[in-house]
Amino acid sequence: MMLTLLMGLPLLGALALLLFPPAKAKLVALWGAGIPLLWTLWLFSQFDISNSQFQWSEAGAWLPVLGLNYELGMDGLGLLMVALNTLLTWIAIYSARSEIERPRLFYSLMLITSSVISGSFIAQNFLLFFLFYEACLIPLYLLINIWGGEKRSYAATKFLIYTAISGALILISGFGLLWLGGAEDFSYAALADNSLSLKWQVLLLVPLAIGFGIKVPMVPLHTWLPDTYVAASTPVAILLGGVLAKLGTYGLLRFGLSLLPDGWAVVAPWIATWAAITIIYCAFLAIVQQDLKRMVAYSSVSHMGYVLLGSAAGNNLSLSGCIAQMMAHGLVLAILFHLVGVIEAKVGSRDLDQLNGLMNPVRGLPFVSAMLVLGAMASAGIPGLVNFAAEFAVFQGSYRVFPLQTLVGIVGTGLTAVYFVILLNRTCFGRLDSKRAYFPKVSFNEKAPALVLAVLIVVLGVQPNWLMRWSEPTEVKTVVIVPGEHNVSLRDIGGLLLGDSSL
Amino acid sequence: MAEIYLQSGWLIPLYPLLGILLTVPWMSLRRTGPRPAGYLNLLTTLVALVHTVLCLQAVWGEHPVRWTVDWMQVADLSISLPFELSTLNLAAVAVVTVLNFLVQIYAIGYLEMDWGWARLYCLLALFEAGMTALLLCDSLFFSYMMLEILTLGTYLIVGFWFNQPLVVTGARDAFLTKRVGDLILLMGVIALYPLAGTWNYAELATWASQNPIGGTTATLVGLALLAGPISKCAQFPLHLWLDSAMEGPLPTTILRNSVVIPVGAWVLIKLTPVFALSPVVDGVAVAIGTISAIGAALISIAQVDVKRVLSYLTTAFMGLVFIAVGTSQVGVAYFLLMSFSVAIAALIASTGSIILTCITQDLTQLGGLWSRRPVTALSFIFGTLGLVGLPPFGVFWAMRFLETSLWYEGQVLPFAIVLAINGLCAFSLVRMFCLIFLGKPQVMSSRAPEPIWTVVIPMVAMAALTLHIPVMLQTLKLLPIMQTAIGETGLLLIWSSGLGLGLGIVFYGIQREKLPADYMPQWCINLLSDDFYTTGLYQNLFIWPVATTAKGFNWIERYVIDGVVNLVGVLPLLSGETLKYVNPGRSQVYVFTIAICVVLLGLFMSWSYLPHLGQNLFSRGLFSR
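As given, the protein sequences belong to chains E and L, one line each in that order. Per my numbering, the very first residue in the first sequence carries number 1; after that it's consecutive. Per my numbering, the very first residue in the second sequence carries number 1; after that it's consecutive.
To be clear, the hints were calculated from the coordinates, so they are not data collected in a lab. Worth double-checking, as some hints may not be accurate.
What the hints assert, rightly or not - Chain E stretches covered by chain L per the calculated footprint, using a threshold of three residues with CB under 8 Å from any CB of chain L:
hint, region
1, 283-290
2, 354-368
3, 408-417
4, 427-436
As the list claims (entries may be wrong) - Pairwise CB distance ranges (calculated):
hint, chain 1, residue 1, chain 2, residue 2, range
5, L, Asp70, E, Ser52, 55 to 63 Å
6, E, Ile161, L, Thr578, 33 to 41 Å
7, L, Thr169, E, Leu451, 26 to 34 Å
8, E, Ile161, L, Phe604, 39 to 47 Å
9, L, Arg558, E, Ser57, 42 to 50 Å
Heads up, the beta-carbon is just placed ideally off N, CA and C, and yes, glycines get one too.
Let the sequences and hints guide you as you build the complete structure.
The following block contains the structure:
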């Protein structure tokens, strides 16, 4: 019941929105998102940190014929992801502009999205996960298409098609797991019990990796992301970038690494290289962007590469880093998107050529600039802020296994500094154009989300144990692999695909 | 009582952090002026200073006090924060806090009318916290963390007057150049752990003494670790940021040149045993130190901007530290750092006092200030004496020990180079002195009173400290002053200093028609005044490749990756749009289409039989004669 509530509370909030007038919608939505957040905090206090099993498991038969059962459970990874989701939903709703059109529909769609995402993080059945995974497309499609900016319908369609393809590929892998592995139903426990040969594991991992690779996203499957993030309004962008992208890496950890460990060990070097390419490629792209939001979007893709690098290395340390980086990425991306939203609302532009001198203490946006510096520097991996601890754990862990890719990743943090310095120099520094500088005041409601996130970024950066400790039992359970153990070349993988059974 | 001070030594970096917190109200609420922010920070710095002195007293002649605090515990990696309170560490912390305190008083006068007090003092406190934490921690990992935080601090403090274009580019250059070094250092830090299993300097030294690794590994790791200090200490080829960083407010320049950069060198000195694992790394350290020292000293002679002259001298002196570390002269390196930091502080403070009232920092517009600014002139002289190898001042002894050991180790080339650098630095400083204080007053320097006391007092205090450094170091028994005889190498040093000073006075102290530069070829002047064209080097080595790659990737992104995606999207639409014209509603067209399709289908299905058809016809003899 504890976990069902986690999904049920936002849904109740969405229903409650119908009973109140539009003017009250935001307040009700804040409660609708706030109560699940409090509930998550309660779960933190009840979570047994020494237990590596799934906790608060719930099970009920649904469609046993299909192997689809209502099975929920939570481990450290799920707990952190759910926490990120409930927190960012609350932040996103808080950061929504109060004069938004059709507020009740908007907020209820936000709450439904949040509920469905929570569901996919706590599902214990592959088919159930898949249902949630696909279900969150519907509200998100509407959210992008109705309240988005320019080119919203192009972006929404692109997002929908890409994610649908990703879903199809994942489903192929799931069916393969069930049929080839000889499991009774789709529950994780049954799927984990498979006795698949290495060949089949690798074969099943390919669609899985591509499917979740679209969601993460990985180069060259990423082009939906900048378009979608830019077209989406600020709250939706926070949800998309902060939480939804994590479904991709979560899926890789849950299904790739945990269910197909031997295959993962074979594929891991390729994934690590793929991650390194993503990091560098998107960092370079961020450098040339003129649009603030697009720059942040590319930076987001680039930084998901670190998560992937950590998951590829697959040792305890790198996985801790990987999970922490998922959290850090969510927090930092949320603060950056929120601030970009505020700047756009006040100054009326996101163009780096138009913005200037916002740090001016009297007529500029000093608070927003200060927070922007913090967010950008957190993203660039300055120690004392949350990203550093996470990235450091990823690097230290993956260096043992993939030294070259790790060094490339470190170069990526240097490039992050390059584009964020460009961003700060153009927006915060410089001379404020006094003719245009009649900006509306930044209200407390616009400052509050940034403050909350900033406090979290600093506190978790100074005291990273508070972040790292939750997922430790999960890793102990997950890690069974030594990447590169089976030294497999591209030719061997080709051979596997063509049915060579020598491995 | 003494125990309590030492046990609470971890508070020293926290006082400035408290200062930062106290400053926050004056950043956001501007009901009152921002001055209380400055005074509060002054107070916290004073508290930190007093605490440091008490600790220093307590640890006097005792064993160092050590304790560790757990920081991060992840999987099999547990990072703890080892504090070490030894006489040496605390003396360094004392230098940092004293100079910070003086600089903060100096800033009260220097930035009297500025609206950014809260931000300035907040950043000064950030520097103090970072530096004291770095000095008290005995761990490479935390040194790296603090260096990164200082990099961020440099960016923000150089960008203090952010609405000037030069400041913005200066801040950017400083940040990115230092970041390059930081990241290579990070690579080294990460690579070192699997080899050594520790980041503690003390344990690293024991580890290194057993010669655990050698060859390429040691060289690569050593070079990566060397890169951090190279960028922090503004050594060639990563030296240009110090020059651009001069765009920041002058009090921060004092702080940066006198303590922030030496703190980078502190990390270098701590890593000496690791560098010593590979002779290549030691060779590179000496080579970089030599090139930087000679190059920077030459460049500094050719500058007309007073701040630049001093910033290049800083690079030159850090080059000496690199030479000392490359030849494993740890004690000498500490000695050089301590005496250098106070002397350069006095020099920059006195030039700041001139810039403040003369409103120019161009050497060609100054002159004749000796009678108008005696206090500043004396401070400048004391700073110069502290920085030039003349007994009995601090740097002389440091250099003498360096020279003696170089001589005994048979390193003739570095020996000669140190002498040359000393002479060049003396020449550069005297040139600056003559151009500012001697000669005839010019428009900018004819009306120049001594500035407000909050500027003068710290300046004089720094000059006085410079004079006392050798005495203090000897009483503290910190550094290897076994004998205070001048010796033969000392005589050589005095000769080189005397030569530099004398030539400087001859060339610049006496009024002449032509300046020395007029006797030099133009290419030589350009080479020196343009920093050996390092900007071009950066442009071609870093900026151009990054910009071009970024543009290239952007092209690929738009026209290849997204192009394919959009093509896939557009094709069904286009084909649908085109095909709809095939349905006009006339039955003839449909019948015609069906007929064509049937023919095509028939051809397709019988394709493989067509050749046989011909064969059959031939074989049946239908076409035979």
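Comparing the hints with the structure gives:
1. 283-290: holds (count 4)
2. 354-368: holds (count 6)
3. 408-417: holds (count 6)
4. 427-436: holds (count 5)
5. L/Asp70 to E/Ser52: 55 to 63 Å: At roughly 23 Å between Cβ atoms, E/Ser52 and L/Asp70 fall outside 55 to 63 Å, so the hint is violated.
6. E/Ile161 to L/Thr578: 33 to 41 Å: violated (21 Å)
7. L/Thr169 to E/Leu451: 26 to 34 Å: Taking Cβ atoms as reference, L/Thr169 and E/Leu451 lie about 31 Å apart, which means the hint holds.
8. E/Ile161 to L/Phe604: 39 to 47 Å: Cβ of E/Ile161 to Cβ of L/Phe604: about 33 Å, so the range 39 to 47 Å is violated.
9. L/Arg558 to E/Ser57: 42 to 50 Å: With a Cβ separation near 48 Å, L/Arg558 and E/Ser57 satisfy 42 to 50 Å, so the hint holds.
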